[in-house]
Structures are given as C-alpha cells and as structure tokens.
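> Sequence:
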Amino acid sequence: MRVRYVLSEVLTGLWRNVTMTIAMIITMTVSLTMLGASLLLFFQVGKMEDFFYQRVEVSVFLNANVSDDQRSNIESAIKSNTLVSTYTHETKDQAWERFNEQFKDAPDLINSVKKDSLPESFRIKLKDPNKVQEFTDQFRTQEGVSDIIDQKQLLKRVFDLLGALQTLALTVAVVQGAAALLLVANTIQVAAYSKRREVAVMKLVGASNWFIQMPFVLEAVFAGLIGAILAFGALIAAKVFFIDGSLKALATVLLPVDWGNIWLMLPVLAGAGGLVSAVTAWVTLRFYVRV
0 MRVRYVLSEV LTGLWRNVTM TIAMIITMTV SLTMLGASLL LFFQVGKMED
50 FFYQRVEVSV FLNANVSDDQ RSNIESAIKS NTLVSTYTHE TKDQAWERFN
100 EQFKDAPDLI NSVKKDSLPE SFRIKLKDPN KVQEFTDQFR TQEGVSDIID
150 QKQLLKRVFD LLGALQTLAL TVAVVQGAAA LLLVANTIQV AAYSKRREVA
200 VMKLVGASNW FIQMPFVLEA VFAGLIGAIL AFGALIAAKV FFIDGSLKAL
250 ATVLLPVDWG NIWLMLPVLA GAGGLVSAVT AWVTLRFYVR V
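Numbering that gives the first Met the number 0 applies: residue 0 is where the sequence shown begins, and numbers increase by one.
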C-alpha cells in the first residue's frame with residue numbers, strides 16, 4: 000500500500016509540474032550528454048596516444064644537393080646506431096607519390112606543390128620513442144642532413160588540442176549540471192509548496208519524514224534517469240551517424256570508438272543523474288523546505 004501510494008504521488012507530482020519536469024529532463028540530458036562525451040573523449044585520447052606513440056617515426060630530411068657519399072654515410076650511421084629499430088629510405092619520387100596519395104582529395108594543394116620541393120628522407124623508428132632528442136643530437140650535424148622532424152612533437156600538438164576540447168566539454172557539462180541541480184532544487188520547492196497542506200496533515204497523523212520526502216526525491220531521480228537514458232541515446236546516435244558515418248573515412252586517424260565504452264556510459268550516466276538528483280532533492284527538502 001505504501002509503495003503504491005508513493006508511486007502515485009510521484010506520478011501526480013510529475014504531471015502537476017509537467018513543464019518544469021520537461022525542462023529538468025532536458026537540462027539533465029544536455030549536461031549528461033556533455034559529461035558522457037567528455038569521458039569518451041578522455042578514453043579515446045588515451046587510446047590514440049598509446050596507438051600512435053608506439054608507431055611514431057623520426058624523419059631525417061636530406062639536403063637537395065646531397066651527394067651519394069653523404070647519403071651513404073648517413074645511411075651507414077643510421078644502420079649502425081643502437082637507438083634505431085628499423086628505417087626506410089624515401090626518395091623524392093616516393094615522397095611525391097606518397098604526397099599525392101595522402102592529399103588525393105585536395106587537387107588544389109597538389110597543384111600548388113612542386114615535385115622538387117619534397118626532399119628525400121630516412122624514416123626511422125626508434126627502439127625507445129623517448130630518446131628522440133639523443134638521436135637528434137647525434138645526427139643534426141651530419142653532412143647532408145637538412146632537418147630532423149620528430150613526429151611525436153607534431154602528435155603532441157594534436158593531443159593538446161584534443162585535451163583542450165575534452166576540458167571544454169567537461170566544463171560545459173559542469174555548468175549544465177549546475178543549472179540542472181538548481182532546476183531540480185527549484186522544482187522540488189515548488190512541488191513541496193503546492194502540497195504543503197497534504198504534508199501538514201501527514202505530519203499530524205504521524206507520518207515519518209522519510210515517507211513524506213520520498214515522493215519528492217523519486218521525482219528528481221525519475222528526471223535524472225530519463226535524462227541519462229536520453230543522453231545515452233544521443234551518444235549512440237553520435238557513434239552510428241557521426242563517428243561511424245560521416246567521419247568513417249578518418250577512422251585510421253581518429254580510431255573507432257569502442258562499443259564497450261559506449262555501453263559503459265549507461266550505468267555511469269544513470270548513476271550520476273540519479274544519485275546527484277536524489278542528493279539535491281534531499282538537501283533541498285532538508286534545509287530549505289520544512290516537511
């Protein structure tokens with residue numbers, strides 16, 4: 000009987016303040032979606048770092064007028080170097096072919112670059128990617144070497160940008176979450192005020208504070224759980240239609256988002272939405288509303 004009464008009071012309260020309930024659900028959905036997106040981005044950045052840093056290369060570019068002897072000496076030094084795991088030599092023709100393949104969808108860029116402007120190079124994979132500086136110091140003064148590029152430094156800029164996006168998404172989630180909590184608190188206050196007479200009667204007949212407060216807390220939890228489900232649906236839609244759809248061509252660069260991480264977001268978002276809503280409702284009733 001008590002369970003049926005509490006559930007009926009929850010449904011009545013949600014319907015009585017339907018517009019505020021909808022606003023609360025929408026706000027919770029947006030904040031939880033941004034929270035889920037920031038968590039997925041956190042997982043993805045870590046996955047990309049592990050993947051690309053293990054495949055990072057050092058490019059030793061040669062001078063345009065490098066002699067055969069200089070080229071031979073450079074290759075011998077690379078081959079005998081204890082820091083080097085593997086290496087390949089890329090001629091100007093091979094560099095031009097690779098450039099055309101990489102930017103085949105940008106013909107204007109290809110037309111603006113001359114074949115002679117792409118230098119030949121040695122592509123080197125080190126045994127320890129963290130010893131790039133030591134390798135660079137050994138070869139920077141080698142005759143015939145024009146420049147040495149560490150791909151790890153280029154990747155670091157990309158990961159710094161992704162980290163900034165992650166921070167931005169998390170900040171938006173926190174701001175939206177704060178707005179959702181204020182809306183939850185305001186909705187609970189309005190609901191409690193509209194039922195102040197019923198609450199007074201229940202206290203007169205000896206109802207416990209827990210029994211009186213439970214319908215209000217469950218209203219907030221309901222909104223939090225519905226917001227979590229909608230946020231989870233938004234993440235699934237983003238993966239199906241955006242990540243695996245329009246961005247599918249970039250999968251080799253961005254790496255696919257694992258479905259395991261997507262499914263992990265459901266309990267995380269549901270727990271966050273339900274728990275935070277419940278705590279907010281309880282605190283509001285405990286300190287701001289006399290029930």
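These are computed hints drawn from the structure, not numbers from a lab.
A couple of the hints might just be wrong.
Here are the simulated BS3-like cross-link-like pairs (lysine-lysine), alpha carbons at most 27 Å apart as the crow flies [as the list claims (entries may be wrong)]:
1) K46 / K113
2) K124 / K91
3) K114 / K126
4) K238 / K114
5) K126 / K113
6) K91 / K114
7) K155 / K103
8) K103 / K78
Label-pair restraints from in silico Cβ distances [said to hold, decoys possible]:
9) V267 / A76: 32 to 40 Å
10) R122 / I25: 49 to 57 Å
11) A178 / K91: 34 to 42 Å
12) V17 / L160: 39 to 47 Å
13) D243 / L167: 39 to 47 Å
14) L167 / N80: 39 to 47 Å
Backbone N, C-alpha and C define an ideal beta-carbon position, used for all residues, glycine too.
> If a hint holds in the structure, say so; if it does not, say that too.
The hints, checked one at a time:
no.	hint	verdict
1	K46 / K113	36 Å, violated
2	K124 / K91	20 Å, holds
3	K114 / K126	32 Å, violated
4	K238 / K114	39 Å, violated
5	K126 / K113	34 Å, violated
6	K91 / K114	8 Å, holds
7	K155 / K103	26 Å, holds
8	K103 / K78	33 Å, violated
9	V267 / A76: 32 to 40 Å	52 Å, violated
10	R122 / I25: 49 to 57 Å	51 Å, holds
11	A178 / K91: 34 to 42 Å	58 Å, violated
12	V17 / L160: 39 to 47 Å	43 Å, holds
13	D243 / L167: 39 to 47 Å	23 Å, violated
14	L167 / N80: 39 to 47 Å	42 Å, holds
Violation of the numbered hints given earlier is confined to hints 1, 3, 4, 5, 8, 9, 11, 13; the remaining hints are satisfied by the structure.
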